[in-house]
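Student: Line order of the protein sequences matches chains A and B. First residue of the first sequence: 11, per my numbering; consecutive thereafter. First residue of the second sequence: 114, per my numbering; consecutive thereafter.
To be clear, the hints were calculated from the coordinates, so they are not data collected in a lab. Fair warning: there could be bad hints in the mix.
To be verified - EDC-like mimics (lysine to aspartate or glutamate), calculated; alpha carbons at most 16 Å apart, straight line: (1) B:Lys159 x A:Asp251; (2) A:Lys248 x B:Glu121; (3) A:Lys249 x B:Glu119; (4) A:Lys248 x B:Glu122.
Below are the chains, spelled out letter by letter.
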Amino acid sequence: MEIDEKPERFIVDGLRLDGRKKDEIRPIKMEAGVMNRADGSCYIEWGNNKIIAAVYGPREVHPRHLQETYRAILRYRYNMASFAVDERRRPGPDRRSIEISKVSREAIEPVLMLEQYPRSSIDVFVEVLQADAGTRAAGITAASVALADAGIPMRNLVSAISVGKVDGEVVLDLNKIEDNFGDADMPVAMIVESGEVTLLQMDGIFTKNEFIEAMELAKRGCSQIYDIQRDCLISKYKKLDSD
Amino acid sequence: MEKKIEIEEKIVLPGDFICTTEEYVPGSNTYNNEGGICSSIIGIVKLDDKLHKIDVLPLVMVPPEIKQDSIVLGKIILLKNSFAVLNIERVKGYENRSANVEGTIHISNIQLTYIKTIDKAFNVGDIVKAKVISNNPLRLTTRDKNLGVIKAFCPVCGEALEKKGKGLKCSRCNTIYQRKISEDYGWGMF
Numbered sequence: 011m012e013i014d015e016k017p018e019r020f021i022v023d024g025l026r027l028d029g030r031k032k033d034e035i036r037p038i039k040m041e042a043g044v045m046n047r048a049d050g051s052c053y054i055e056w057g058n059n060k061i062i063a064a065v066y067g068p069r070e071v072h073p074r075h076l077q078e079t080y081r082a083i084l085r086y087r088y089n090m091a092s093f094a095v096d097e098r099r100r101p102g103p104d105r106r107s108i109e110i111s112k113v114s115r116e117a118i119e120p121v122l123m124l125e126q127y128p129r130s131s132i133d134v135f136v137e138v139l140q141a142d143a144g145t146r147a148a149g150i151t152a153a154s155v156a157l158a159d160a161g162i163p164m165r166n167l168v169s170a171i172s173v174g175k176v177d178g179e180v181v182l183d184l185n186k187i188e189d190n191f192g193d194a195d196m197p198v199a200m201i202v203e204s205g206e207v208t209l210l211q212m213d214g215i216f217t218k219n220e221f222i223e224a225m226e227l228a229k230r231g232c233s234q235i236y237d238i239q240r241d242c243l244i245s246k247y248k249k250l251d252s253d
Numbered sequence: 114m115e116k117k118i119e120i121e122e123k124i125v126l127p128g129d130f131i132c133t134t135e136e137y138v139p140g141s142n143t144y145n146n147e148g149g150i151c152s153s154i155i156g157i158v159k160l161d162d163k164l165h166k167i168d169v170l171p172l173v174m175v176p177p178e179i180k181q182d183s184i185v186l187g188k189i190i191l192l193k194n195s196f197a198v199l200n201i202e203r204v205k206g207y208e209n210r211s212a213n214v215e216g217t218i219h220i221s222n223i224q225l226t227y228i229k230t231i232d233k234a235f236n237v238g239d240i241v242k243a244k245v246i247s248n249n250p251l252r253l254t255t256r257d258k259n260l261g262v263i264k265a266f267c268p269v270c271g272e273a274l275e276k277k278g279k280g281l282k283c284s285r286c287n288t289i290y291q292r293k294i295s296e297d298y299g300w301g302m303f
């Protein structure tokens, strides 16, 4: 779908431009253990997003002065390929990806038992190969599966999704047009089983009631994502177990 | 009632509730969460009714754990007057996953008999099998017949050295080197 201008209406007869309902997520395909050299990895296709996440470690920290005596450090690198968006992006870290790396690291950190691996580092690399709104949420989702695949002890999985506002209505899982021309965008990451929110950012304006509605929607979206993450991991290890 | 060890079929994921703390004691790969025992890894549940303990047997490759008496394999990366630094690549029991940590072998822990200088035992680039004495700091020993250099290359011509008596010999340039050789030299056994 190539639209460069703001469409007149985002929601026609209760359906969005790509035919989804307001509380429907885009189709997701997820696969764990796709990379040979990484300790754990995950490839995710979320609508038109294509993201690969790799986990290395626990391993020795370089440079040494970053290491901590009583716990492991978590390093998270979110990077977008130069060909991931319509117009070529200048490769390398920029203001946006440095920020996303930081907030994503803090979204993942609460579930990891870092105290079990003192003086080491766990490195997560998230490469966005094709971007279509909601990449940080998809990145966190994939990174969480990759960490579980790497056998790193975790308290739970983290699921993430974005909610937003178009045409004055709260919708789940924005796509690119809705993200670019919509009124608000709010990525949410949470631990579904306990309901803890580990990432909450907002761009645009929600009223108080809209915010409450958006959080409800995000909660429901995250539990759908969580089910997909579980299915992905169980199907991989069921296969290994029966072999 | 018969007391036994039971292994469940179902796969558990990180965060899955297994049972309450009244029923069992949390064992390996589990954690305590508000009175419940949860899994911290992908695996299958092992119930031990004798010890009343719950373990999760991992289905994933877990990160290597280096503890006392672990056998490790690595490459010598540095020689000092009194010790050698070994870059540990593999840990026995976790062969499929790289460890990548550094440990030191003190000159007194190389062999039981006296050794004058450290270059009589190791050289940079040697592949060494060693045993862990302590984990923090990581100290290693090769004071055993099957510990020591298991593969070495000639510093002059790069040829793989062959075992000859108590030393190692280069078949190309005929130089003889002194090393702390393991019984398993050139054999490829971990």
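Student: Hint by hint, say whether it matches the structure.
Tutor: Taking the hints in turn, this is what the structure says about them:
1. B:Lys159 x A:Asp251: holds (15 Å)
2. A:Lys248 x B:Glu121: Holds, because 13 Å separates the two Cα atoms, which is no more than 16 Å.
3. A:Lys249 x B:Glu119: Answer violated: Lys249 (chain A) to Glu119 (chain B) is near 22 Å, above 16 Å.
4. A:Lys248 x B:Glu122: Measuring from Cα to Cα gives roughly 10 Å; hence the hint holds.
Violated hint: 3 only; the structure is consistent with all others.
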